[in-house]
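Student: Top line first, the protein sequences correspond to chains A and B.
Numbered per this note's numbering, the first sequence spans residues 485 to 899.
Numbered per this note's numbering, the second sequence spans residues 485 to 899.
For the record, the hints were derived by calculation from the structure and aren't laboratory data.
Careful: at least some of the hints might be erroneous.
Which copy is meant is left open, because identical chains are indistinguishable; a pair holds if it fits in one copy or across any two.
List time: in silico DSS-like cross-link candidates among lysine-lysine, alpha-carbon distance up to 27 Å [stated by the list, open to error]:
(1) Lys639 with Lys773
(2) Lys599 with Lys847
(3) Lys599 with Lys667
(4) Lys773 with Lys512
(5) Lys773 with Lys588
(6) Lys681 with Lys667
(7) Lys667 with Lys639
(8) Lys681 with Lys588
(9) Lys667 with Lys512
(10) Lys690 with Lys599
(11) Lys847 with Lys588
Number of protein chains: 2
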Amino acid sequence: MIGEIIAIGDELTSGRILNTTSGYAARKLFDAGYTIHAMSTIGDHPELIGEALLRAIGRVDFIIVTGGLGSTDDDITNEAVSQALERPTLPNLTILARIREHLKRGPSPNNPLEKLAWLPDGADPFDPVSRIAGYQLVHQDTPIFFLPGVPEEMKDLMTRAVLPKLAAWQAGSALQTRQRIFKVFGLAESEINLRIKGLDLDGEIKIGYYPVYPDVHVSLLLRSTDSSQAAERFEAACLRLEEVLEDHVYGIDADELESVVGRLLSESNRTLCAAESCTGGLLAHRVTKVAGSSDYFLGGVVAYANELKSSLLGVSPETLTAHGAVSPETASLMATGVRSRCGADISISITGIAGPSGGSIDKPVGTVFIGISSSHITEIERLQFSGDRHRIQAMAAHTGLDLLRRFLLRLQPLT
Amino acid sequence: MIGEIIAIGDELTSGRILNTTSGYAARKLFDAGYTIHAMSTIGDHPELIGEALLRAIGRVDFIIVTGGLGSTDDDITNEAVSQALERPTLPNLTILARIREHLKRGPSPNNPLEKLAWLPDGADPFDPVSRIAGYQLVHQDTPIFFLPGVPEEMKDLMTRAVLPKLAAWQAGSALQTRQRIFKVFGLAESEINLRIKGLDLDGEIKIGYYPVYPDVHVSLLLRSTDSSQAAERFEAACLRLEEVLEDHVYGIDADELESVVGRLLSESNRTLCAAESCTGGLLAHRVTKVAGSSDYFLGGVVAYANELKSSLLGVSPETLTAHGAVSPETASLMATGVRSRCGADISISITGIAGPSGGSIDKPVGTVFIGISSSHITEIERLQFSGDRHRIQAMAAHTGLDLLRRFLLRLQPLT
Numbered sequence: 485m486i487g488e489i490i491a492i493g494d495e496l497t498s499g500r501i502l503n504t505t506s507g508y509a510a511r512k513l514f515d516a517g518y519t520i521h522a523m524s525t526i527g528d529h530p531e532l533i534g535e536a537l538l539r540a541i542g543r544v545d546f547i548i549v550t551g552g553l554g555s556t557d558d559d560i561t562n563e564a565v566s567q568a569l570e571r572p573t574l575p576n577l578t579i580l581a582r583i584r585e586h587l588k589r590g591p592s593p594n595n596p597l598e599k600l601a602w603l604p605d606g607a608d609p610f611d612p613v614s615r616i617a618g619y620q621l622v623h624q625d626t627p628i629f630f631l632p633g634v635p636e637e638m639k640d641l642m643t644r645a646v647l648p649k650l651a652a653w654q655a656g657s658a659l660q661t662r663q664r665i666f667k668v669f670g671l672a673e674s675e676i677n678l679r680i681k682g683l684d685l686d687g688e689i690k691i692g693y694y695p696v697y698p699d700v701h702v703s704l705l706l707r708s709t710d711s712s713q714a715a716e717r718f719e720a721a722c723l724r725l726e727e728v729l730e731d732h733v734y735g736i737d738a739d740e741l742e743s744v745v746g747r748l749l750s751e752s753n754r755t756l757c758a759a760e761s762c763t764g765g766l767l768a769h770r771v772t773k774v775a776g777s778s779d780y781f782l783g784g785v786v787a788y789a790n791e792l793k794s795s796l797l798g799v800s801p802e803t804l805t806a807h808g809a810v811s812p813e814t815a816s817l818m819a820t821g822v823r824s825r826c827g828a829d830i831s832i833s834i835t836g837i838a839g840p841s842g843g844s845i846d847k848p849v850g851t852v853f854i855g856i857s858s859s860h861i862t863e864i865e866r867l868q869f870s871g872d873r874h875r876i877q878a879m880a881a882h883t884g885l886d887l888l889r890r891f892l893l894r895l896q897p898l899t
Numbered sequence: 485m486i487g488e489i490i491a492i493g494d495e496l497t498s499g500r501i502l503n504t505t506s507g508y509a510a511r512k513l514f515d516a517g518y519t520i521h522a523m524s525t526i527g528d529h530p531e532l533i534g535e536a537l538l539r540a541i542g543r544v545d546f547i548i549v550t551g552g553l554g555s556t557d558d559d560i561t562n563e564a565v566s567q568a569l570e571r572p573t574l575p576n577l578t579i580l581a582r583i584r585e586h587l588k589r590g591p592s593p594n595n596p597l598e599k600l601a602w603l604p605d606g607a608d609p610f611d612p613v614s615r616i617a618g619y620q621l622v623h624q625d626t627p628i629f630f631l632p633g634v635p636e637e638m639k640d641l642m643t644r645a646v647l648p649k650l651a652a653w654q655a656g657s658a659l660q661t662r663q664r665i666f667k668v669f670g671l672a673e674s675e676i677n678l679r680i681k682g683l684d685l686d687g688e689i690k691i692g693y694y695p696v697y698p699d700v701h702v703s704l705l706l707r708s709t710d711s712s713q714a715a716e717r718f719e720a721a722c723l724r725l726e727e728v729l730e731d732h733v734y735g736i737d738a739d740e741l742e743s744v745v746g747r748l749l750s751e752s753n754r755t756l757c758a759a760e761s762c763t764g765g766l767l768a769h770r771v772t773k774v775a776g777s778s779d780y781f782l783g784g785v786v787a788y789a790n791e792l793k794s795s796l797l798g799v800s801p802e803t804l805t806a807h808g809a810v811s812p813e814t815a816s817l818m819a820t821g822v823r824s825r826c827g828a829d830i831s832i833s834i835t836g837i838a839g840p841s842g843g844s845i846d847k848p849v850g851t852v853f854i855g856i857s858s859s860h861i862t863e864i865e866r867l868q869f870s871g872d873r874h875r876i877q878a879m880a881a882h883t884g885l886d887l888l889r890r891f892l893l894r895l896q897p898l899t
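Here chain A stands alone, though its shape is the one from the complex (with noise of 0.2 Å):
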C-alpha cells in the first residue's frame, strides 16, 4: 500500500519549527511494510489544503494529515477538508460533552474549545473522551487519518491508532511480512553494510538500515504468502545477522540502551547507582525514564562543582589538584565512593569536558572518563568525542550505559 503524508501549519512553512513528525510518520509506516510516495507541507490556507488532499486521494492508498487540529484561529484543518471533500462539519456530541464537563458549565457555543468538537461529516474521533484531538475519515475508499501536530501526541497516535488501522484495513491481503529491528550501537553503517553484505542472505530478505543517533538501527523484513516456511526462514536469517553484529546489538525492536540495561539488573537482581559531572543527571534521567526502575535504581549525586566531588564524594582535594577533575584517579574515587554512600551493587561514574571552554592539549574538549565499580573490580575508560557540548553530553551517557551492559553481561549471576 502507498501512501502519503500533509503537514499542516505556518510555523512548518516558516521554517520556525523543524517538521519532525512527517519524518517519524513515514519512518514507522516504511518499518511496517508501507510506502510513501510524497509528504507535503502546507501553510495554513485552506485551498492549498483542499487541493493537496484531494489530489492526494486520487493517487495514494491512505492519506496521513497532520497539525491544525487546535482550538485557536489558525487552526483550519477542519474546515478545509469540510470545504474540500464537501462534507459540512457537525459537532461531535462525546467530544462536546466532555469539553463542557471541563469547562464545568452548560453550552458556550461562544467558547474557542468548542471548535474542538466540530468535525468533517463521517469523521471517526480515535479517542472522543480524551483532549487528544484526532480521526479517521474514508472518502472515496480511501482511509484519510487526521493527527494533531504535536509531536507527542502524533507519535503516541500513530503507533496506538493508525497502524492497527491500517493493518486492518490491509487485512484481506495474505500477504504476510515478518520483520525485526536490531539496535546497534559502536559500529559504523559501512562496516554494518559490510558484513551483512558478506552473509548472502535469501534474496527474499531485505534489508535496511537507519541510523538514530547514535545508535544504528537494521531491520530485517520479509515478505511471503508461505507462511509455514517463513518463519524457519526469518529466525534463520535473524540469527546469522545477530552473529556477525556480534555484542554491538544491544536489544531489538522497542528495546532502548536503558531498558536494557534495568532488564539485566533485575535479572542478576543487583542495584545501581550513578554519579555524573560533565552529563549533569543525564544518565540517571536516562535510567528512571523506564517504569519500574525505582526496584533497581536506588539514585546518586551530580557532582558538578569539585567541591561537591570532595563533600558528597568523597573525592579528595589532593587528588583532584594533582590529577584533575577529569581524570581515571577521579573517576574511580567518585565511582567507589557513590557506590559506598549509596550502597549500591554497582555504580557508574562520569567526568568530563563538554565544552564549549574548558578543553587543554591534553584534555580537549570532549574527552570524557567513565567508571564502572562492583565490590570486586573498578574499571575506568577513557573516551574522546566531538561535536557540541548537547553531543558530548549525550555520547558520553549512551556510552555509560552501554558499558554498564557490557558490564553487566559479563558478571557471574548471583546466587
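Since the structure of chain A is already known, use the hints to place chain B on it.
Tutor: Then chain B, alone, in the frame of chain A:
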C-alpha cells in the same frame, strides 16, 4: 514574493533521513521577508517530481528544489526537470572540463561523474568550477533554484547564491518584515487566543500560535513598506502582548526556560543545587545543557530510594514514615537538606509519583511536590500532572524550572 520548496529523495520519504534542509530554507526565506506557501518532499520518481514542479510554476513567484543532483543512478532531478519543462539536457562545458581535469584524462562518456555536467537547457550553474552542484533556471518568468541535498552544501549555497539572486530579482519592492516569538508557559492556547483577541491589534499585525509542548510560542509579525512608522508600531504591539500574557511569558526568540533561569542566577550572583526523586536527574540535566552553567550550578542529589533521601539529604525516617516520600514535609526537608549539603544559595526539590504504579486515592499518579528554598524562606507547591510517565517527568522538571524563574524574579538583588 511567495515561494515553494521541493525536496527530492527516497531517503526522505522513507523517513531514513530527517529533512532538515527544507526547514532551513524556509526559515532563511521567512527571515528575509519571503513567504513559503508549501513544501513538498518527493521520492525518486520523475513523474511526481515533474508534476510538483509544473504545479508550483503556475502558482508561486519562485521555487527551491533540493536533492538528486549527484552522479549516482538514483539522482534523477535533472532528468525529471528536462522531461517536465521540455528542456533537453545539454553538457555544460566548464563543468565537463573540470571533471575531465579531475579524472586526468580525455573524454570518458561512460564515467558516471560526467553525468554531473549534463543540465537542462537554460541552466545557469552557481559555481561551475567547484565540485558543488546547483544552478538557477528561469522558466515562464519564474526563477527556480536547484540545490544539492547535502545539508552543508545546500545551506552554503542558500546564503551565498539563492538569497542574493532572489534579492536582485525582487529589487523593485521594499517590503520589510519584523517578527518576535514570545515563549509562554502555564496558559492554555485557547486562553492566550482569548486574551490576544481582546487587544484588537493593528490589522497588519499577524499573530500565530505554535504549541511546543509544554509551552505555547506566540509569534507577532509585521510586514510593512513604511519603515519609519513600522518599528514603533511593532514595539508598541509587543508591549501590549506582553502585558496581557503577564509573567507567563518567560522569554523571547531563542530563550529556553533553563537559559532564562541561568541568566537570572548569574545576574543576581546566586548559586543553585537540586534534589530530585521522580524526575531522576532531568532538571539537573536541563540546567547543565546551558554552556557556562558551571558558573552557577553546583550539582545535587538524585534520591530515588527512600534510604538515600535520609542518608544523602537528611530527611528523617520518621518524616518518611509519617508523611510519605511524596509529601510537602519530605519536599521541604529535601530542599533544605540539599541546600546545606551543597552550600548553594538556592535549592530546588522534586518528589512525586511518575507512575505507572505507585498512586493512591489521596496521591494519584501525577502528584508532584516541588520545593524551593533559600536562607530566608522555603516554599512548597503541590501539582497534579496527567499523561504517561515520560510526560509527568517532563512536566515536573519544566514546572520546577518555571517556579525557580518566578522565585528568582521576586528576589531582591544581593548587595
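Student: Now look at each hint and say whether the structure bears it out.
Tutor: How the hints compare with the structure:
1. When the C-alpha separation of Lys639 and Lys773 is checked against a cutoff of 27 Å, the pair qualifies both within a copy, at 17 Å, and between copies, at 25 Å.
2. With identical chains, the CA atoms of Lys599 and Lys847 are never at most 27 Å apart, being 58 Å at best within one copy and 33 Å at best between copies.
3. Taking the closest pair of Cα atoms, Lys599 and Lys667 come within 27 Å of each other only across two copies (24 Å); inside a single copy the shortest separation is 43 Å, beyond that limit.
4. Only within a single protomer do Lys773 and Lys512 lie at most 27 Å apart by alpha-carbon distance; the minimum there is 22 Å, versus 30 Å between protomers.
5. Taking the shortest alpha-carbon separations for Lys773 and Lys588, neither the intra-copy value of 35 Å nor the inter-copy value of 41 Å comes in at or below 27 Å.
6. Taking the shortest Cα distances, Lys681 and Lys667 sit within 27 Å of each other inside one copy (18 Å), while across copies they are farther apart (49 Å).
7. Taking identical chains as interchangeable, the C-alpha atoms of Lys667 and Lys639 lie at most 27 Å apart whether they share a chain (20 Å) or sit on different chains (23 Å).
8. In this homomeric assembly, Lys681 and Lys588 come within 27 Å of each other (Cα to Cα) only across copies, at 23 Å, whereas the closest approach inside a single copy is 63 Å.
9. Taking the shortest Cα distances, Lys667 and Lys512 sit within 27 Å of each other inside one copy (15 Å), while across copies they are farther apart (31 Å).
10. Within a single copy, Lys690 and Lys599 get their C-alpha atoms only as close as 46 Å, which misses the 27 Å cut-off; across copies the closest is 21 Å, which meets it.
11. Taking the shortest Cα distances, Lys847 and Lys588 sit within 27 Å of each other only across copies (23 Å), while inside one copy they are farther apart (61 Å).
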